[in-house]
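Q: Sequence:
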Amino acid sequence: MLGRRTRLVPVVPNALERLILLRLNRAPGPVLDLVGGAAERAVGLALELDLFAALESGPTSLADLATRLDCAPEGLEPLCDFLVALGYLVREDGRYANTEMTAAWLLDADGVGPWLAFWNDVVFPFWEAQAVTAVREGAPRQTLYEWLDDHPDRWRLAHEGFRAAASVLAPTVVERLDVAGDARVLDVGGGHGLYAATIAERHPTVQVEVFDTEPAREVALETARERGVEARVSFVAGDYTTDSLGEGYDAALLFNVVHAHDGPESVALFERVREALAPDGRLYVLDQFDGTARTALSRATVGFVGLTYLVTLGQRAHDVSDVSTWLAEAGFEVQDRRSFLTAPGVSLVVATPAN
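Residue 168 in the UniProt record's numbering sits at position 168 of the sequence shown; the count goes up by one each step and never skips.
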């Protein structure tokens, strides 16, 4: 049987390589980043070709795989061999197969394949067009959301990507939300609807309303239908900075929303959400926050996210202490802050209206 276990990706230097590249500086350490960048492009290409999906049925020879994908064998082989070196595929006796990591994270219904596709097809090209301007001037010429409005056919890919990214954390986050009974929950900027659907799955009598712009409607309602909770997840299209959010909600979510706004904008948004909450309601703010990273990976992740927010939105990863201050200015009291081992740099801030 063709083995499907392999070392984890990305490529991790062994002890000797770390000594030479990173400790003694005897060889160019930046080559690791070059390989990492090439790896992302290779995985994106494989997803575009449906290479991993073509191997779901089991180990396959190069010739058969090339036929399935309508590729030249001599062109497909270098890609497959690079994916073997990266740990996405294994090759034995001339046959290729997906690794367990690939099956779990790129092919599973809750995997991150659409997230990687979104980055490969939209975000990185946007970076190439806007990064220099963003760094020199402090903001891109237009935000990624403005670009998506100009290219509405790409909004679905964006929301599918956001949904895939959320799938990694959604079950854990929802476990930490204090909602039950016949609670009404408002998911502000909830886009893809995965958090709303996960709440409705976990709490059979809770009603959740997703409030976002019209391009999110199709994916949000599709998510609810796929989870069998379409009767308790609704969608309202609007601009959360100007349109009414309703009133009397027991809980409100601002998940991956605050990073798109500066301090004054965030305070104004928090005030609007407070008006939509019942007096004993709770606000949950989830985001990548600066000042929360404790490990090398989490620091790199938050740094990467911060640069991404600059290039795509003209914003940054806010310090969690700043967000707490803005909440206080908007009439909230912070009750708790929770972090997640599976999501470096991500925190959930819990706040209630001040008396």
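Quick caveat, the hints were computed from the structure, so don't treat them as lab data.
Just so you know, not all the hints are guaranteed correct.
What follows is a set of in silico ranges between Cβ atoms, one per label pair, in the way DEER data are often shown [as the list claims (entries may be wrong)]:
no., residue 1, residue 2, range
1, Phe124, Pro30, 44 to 54 angstroms
2, Asp182, Arg141, 42 to 52 angstroms
3, Asp280, Gly29, 45 to 55 angstroms
What you are looking at is a predicted structure, and each value in this text was computed from that prediction instead of being measured.
Ideal placement from N, C-alpha and C gives every residue a C-beta, glycine not left out.
Q: Could you run down the list of hints and mark each one as holding or not?
A: These are the hints, each one checked on the structure:
no.	hint	verdict
1	Phe124 <-> Pro30: 44 to 54 angstroms	violated (19 angstroms)
2	Asp182 <-> Arg141: 42 to 52 angstroms	holds (47 angstroms)
3	Asp280 <-> Gly29: 45 to 55 angstroms	holds (54 angstroms)
The structure does not agree with numbered hint 1 stated previously, though it agrees with all others.
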